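Chains as they are written, first to last, in the working numbering: chain A, 1 to 274; chain B, 1001 to 1252; chain C, 2001 to 2268.
Simulated from the structure, these hints should not be mistaken for laboratory data.
None of the values given here were measured: they were computed from a predicted structure.
One thing to keep in mind: the hints can contain errors.
[Stated by the list, open to error] If we take Cβ atoms under 7 Å as the criterion, some of the chain A residues that face chain C in the derived model are: (1) 107; (2) 111; (3) 114; (4) 123; (5) 228.
By construction, the Cβ of each residue, glycine as well, lies at the ideal position given by its N, Cα and C atoms.
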Amino acid sequence: MSAALSVNPFLRLWSGYLRLVARRPALGQILPFVPLVALWAGVVEAGLFPRAFFPGPVDVVRSFVDLTWKGILPAYLEDSVVRLAVGAAAGILTGIPLGLLVGLNATAHRALWPILLFFQAIGDIAWLPLLIIWFGFGLETMTFVIVYTVLFPIVLNTVLGVRSIPLDMHRAAQSLGAPKWRIVAEVVIPGALPNIITGLRNGLGYGWRALIAAEMIVGTSGVGFMMFDARRAGSVVEILLGMIILGLLWYAVDALILAPLERATGRRWGLVAQ
Amino acid sequence: MKSLSIRNLSKTYFDPYAGKHVTAVQDVSIEVPEGEFVSIVGPSGCGKTTILNMVAGFLPVSGGEIVVDGRAVSGPGPDRGVVFQSHALFPWKTVLENVAFGPKMRGVGPKEREAIARDYLALAGLSHAADRYPNELSGGMQQRVGVVRALANEPAVLLMDEPFASVDAQTRMTLQEELTRIWQERRPTIIFITHDVPEAVFLANRVVVLSKGRVLEEVEIDLPRPRSWETLIEDERFKTLSSRVLQLVRSA
Amino acid sequence: MSAVGNIGAGRSAASERVRAAFSFLLPLFVLLVVWEATVRIFDVHPGIFPGVGPVLRAGAESVANGTLFLHIAASFGRVLTGTTLAILVGVPLGILMGVSPGVSTVLTPLFRFFSVLAGIAWIPIATLWFGYGFGAITFVIFNAVFFVVAYNTLLGVSGIPHALRNAAWSLGADRKTMLFEVLLPGALPNIVTGIRTGLGFAWRGLIAAEMIATNMGLGYMLFLARDFYRTELIVFGMVVIGILWLLIDRLILAPLERRTIERWGLVR
Ligand SMILES: Nc1ncnc2c1ncn2[C@@H]1O[C@H](COP(=O)(O)OP(=O)(O)O)[C@@H](O)[C@H]1O
Ligand SMILES: [Mg+2]
């Protein structure tokens, strides 16, 4: 009881932090990185490892400024982002209709489902050798890989979404006089939307890993290429910079695209918990 | 609103586990004249849902026919509005959009269908909830919207399958009273399915007791309207009718 | 639920399974036929895309001279080592972090960041730190699984209702019982989901890393075949990779996930 009178300063700081974070959740996502970066800087300054082998945050920032100044980083970043965006758009535009077909039509489902599962299992990256033979080390190869990667999670999740719509929903629409195509537009697509967005999230998660791998293996530009090129030159700083940028890029995709979509659909409609 | 006749209806399912056909509904005939409120009661598994699903056109019939408004039905259609136990509201549409859905399918323009929807929402005292999503409503309100959505499409008959079975007891009584009030105002033709005897008696002009897929007996409910639980709960006539129906159901 | 339906259905359940397997394989067989027919009708150059025959022959050859098994063994060795290590470190760490709400408040964002990066993005630095070979690739697999598993364990533990923990305390549970009877089982569905997701990343990371940084393994097999324009060996390798992943996912991961999640009714 008397402890309330003399709370130790560390605990007071701690509870202050918890209250701050409760009030501003965004800060809670950022502040934990401060001690991590400090620790990183500390280890580097202590000189435990050779600096070229394990550079510090200041070095990374310097290389960021340097590469941005030279225009290399913005150009590479743009290449990667455009590839991902084009691939994702193509994956969405083919994946959703295909998913609707497989989800709605029993015959299509019987015929295509095993094939979809199999091609998904092969995985994007295993296609690279064949693609390189077909298209060489170029844009087609990379685009194919990304579309392939984004496509399957979207198709499979769209199918799941379509099939998870309760039968009563279809029946309600039918007995309110909706013809088939309107049921697809008014019931099936919105009903499957939360799953489609989950598919998009998974697809982008896999897709942009595939992009990095493809840029490393076949690339002539892009963040993945930058990292692998840096590896060849033994420049750890640029590798670390690339990793941090990739992480931040995902945060941007999540915060600007995925999270708002999820909030506007499944969450609002009570179809998704949380 | 128009009449409905169910003539010699039967349904056999194939049971894949037993490897044989099972008869769920056998030679059922029910006449529902225009503007009448008919309840169908019976113990669980006696074929109530099967009958309703055939009338709604969700299930093919094995024998007999269903005639609505002088025409034999095949498949679902807007002439038969359905209220589901699971409410089956579209979660991605607001209450207003849900209620306006039927008129929209009929090709009614945006302004006009909104007016229709608001009119029907007012009928059920739901005007304040027009812009909410179904998951933001209580169970009782969801069922009200379900009823109103079916009504707003102005069907020839309204089919209701245990719509109040999963709301709490107090709300259920309110919903029943509201439904009788709406029926008196608009006089839709209604088939109401339930396993709850007092509910069936309270609501209907006539109760059809079902047993093992057959009609056991029909009981006329000549209680005066408007009906409210406060008066009927002590009413001798209501008690007699209820216990008579209950006996029939239990003998089923 | 299904127990009722299954009474007296033992025989038909077995034949049902055969039918299901058949209807699953039929489309794949049709695909095989279409593939062969396409190659023949359009007279596709084998350097562009091989027919079924050459692929089977390349497969038989690689089985006969033992290289296929060497590559598979190398890949599996890496996956097994990396995954086991990741689970052994990730699960206890995840539980430790998840027990205290304060600690998890601080660490969740960090682990989220690293699980976003997990896998392929580590290939360059891993190959610098460990050199080309077993070490680098196992490291990539390790961290693909580790961060995802630790993050999911953390989510799982911090998601266990407080009432459950209090109930266990009030029933006289000590720390050990608490760990093994409450925290671990409570977080298990999340852990298993984490392993499944992590392995998905790890498997792709493996193939990518083997193309870049080794002289053994399935990814290397494909990339080597590319050097000689041996498309039939590439296609064979792709089929092997697909089948292996389907087997891992359908026979081990999916049933594991289903059992933990569905058995306990912890549906999410
Ligand atoms: N799809 C079906 N397949 C086989 N039997 C069914 C099916 N649906 C209902 N039945 C059987 O038909 C009978 C009547 O069911 P139902 O109409 O749902 O009854 P109620 O709605 O009165 O409870 C039950 O014995 C039930 O087991
Ligand atoms: Mg029923």
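A quick look at each hint next to the structure:
| no. | hint | verdict |
| --- | --- | --- |
| 1 | 107 | 11 Å, violated |
| 2 | 111 | 5 Å, holds |
| 3 | 114 | 5 Å, holds |
| 4 | 123 | 5 Å, holds |
| 5 | 228 | 5 Å, holds |
Checked against the numbered hints given earlier, the structure breaks only hint 1 and satisfies all the rest.
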